[in-house]
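Student: Sequence:
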Amino acid sequence: MEEPHFAAIFYQISTGEVPANIFYSLSRKGNVKKGTLFEMTLIRKKGWRDHIHSALDAGIYFVTENLILIIRGMVIGLLLGTIGLTTILLISSWRTSRYDKALQASMDEKIATLEEELKSAQASTTDTNNPETLTGISDDNKGRFRRTDEAIKAMITNLTDYINQLPPNTLNSIGIPEKVQENHEYIVLFCVKRRLGIDPNFQYGEIGKYNERWQEFSDAIKKYQKSQGADTPDGVIDKDGGSTRGWLEEDIRNQCLNPHGG
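Under this note's numbering, think of the first position of the sequence shown as 68, with each following residue one higher.
The hints are simulated quantities; they were obtained by calculation from the structure and are not laboratory data. For each residue, glycine too, the CB sits at the ideal point set by N, CA and C. Heads up, some of the hints might be wrong.
If you anchor each label on the Cβ, the simulated ranges turn out as follows [to be verified]: (1) T227 - G264: 21 to 27 angstroms; (2) P234 - R213: 33 to 39 angstroms; (3) D301 - E245: 31 to 37 angstroms; (4) P235 - Q295: 29 to 35 angstroms.
The task is simple: from the sequences and hints, build the whole structure.
Tutor: Now the structure itself:
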């Protein structure tokens, strides 16, 4: 019995702890971590079981201390339907648990932002699920389109020389987009849409394909004709003998392509 005592004292002095087998040979209580021998405190060297117990104790302590924050984060995560948000809130809550007021303000802001994003996503999904229904252009509208298209092509031909003679940088100064400036056809179409009050992004090529697109373009022509005092506004531009073509061509020269125009 003397050798374990001296060995224990030797290990305690030299390493600061006593190997478990020697420690247990001096104590019948297997779960004892400390003991006293000759008024010297003996500390048992920890084994892998001790490390597991320490880890479990730390985990239980963390859950206990942060239970309210953990529950709050899980509830918010479930309400918003995202596991990722729950994880973020749990980590954020843990790191800022000493600053409850600041944490709450930050969480409220995040929730408000997410709600706006969810609303936006739902609106986008609704638009995607309910796309605009377009119908093929009818024979009657196809004829009206051909008349209008021929008139616009004649306007392009008549305005080409005028466009070529414009001083440098004029197209920029009057707001003609750069992507349009290299093509006379696009320049005239841009000006036609501007004079008719149509969105510049409106696709002219679609008016000969769909009734809805033609009707939108035709209504704009009719409104323009009324503003010019036409007796019988019909929503069509005619190539020959049509005053609408003359009005538009004059407006494009004097206003759309004129830096000092309206």
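Student: Now tell me, hint by hint, if it's right for this structure.
Tutor: Hints and how they fare:
T227 and G264 have their C-beta atoms about 25 angstroms apart, which keeps the hinted 21 to 27 angstroms range intact. Distance hint for P234 and R213: a CB-CB separation of about 36 angstroms, consistent with the stated range 33 to 39 angstroms. Separation of D301 from E245 is about 36 angstroms and conforms to the stated range, judged on CB atoms against 31 to 37 angstroms. A beta carbon spacing of about 33 angstroms between P235 and Q295 agrees with the range 29 to 35 angstroms that was offered as a hint.
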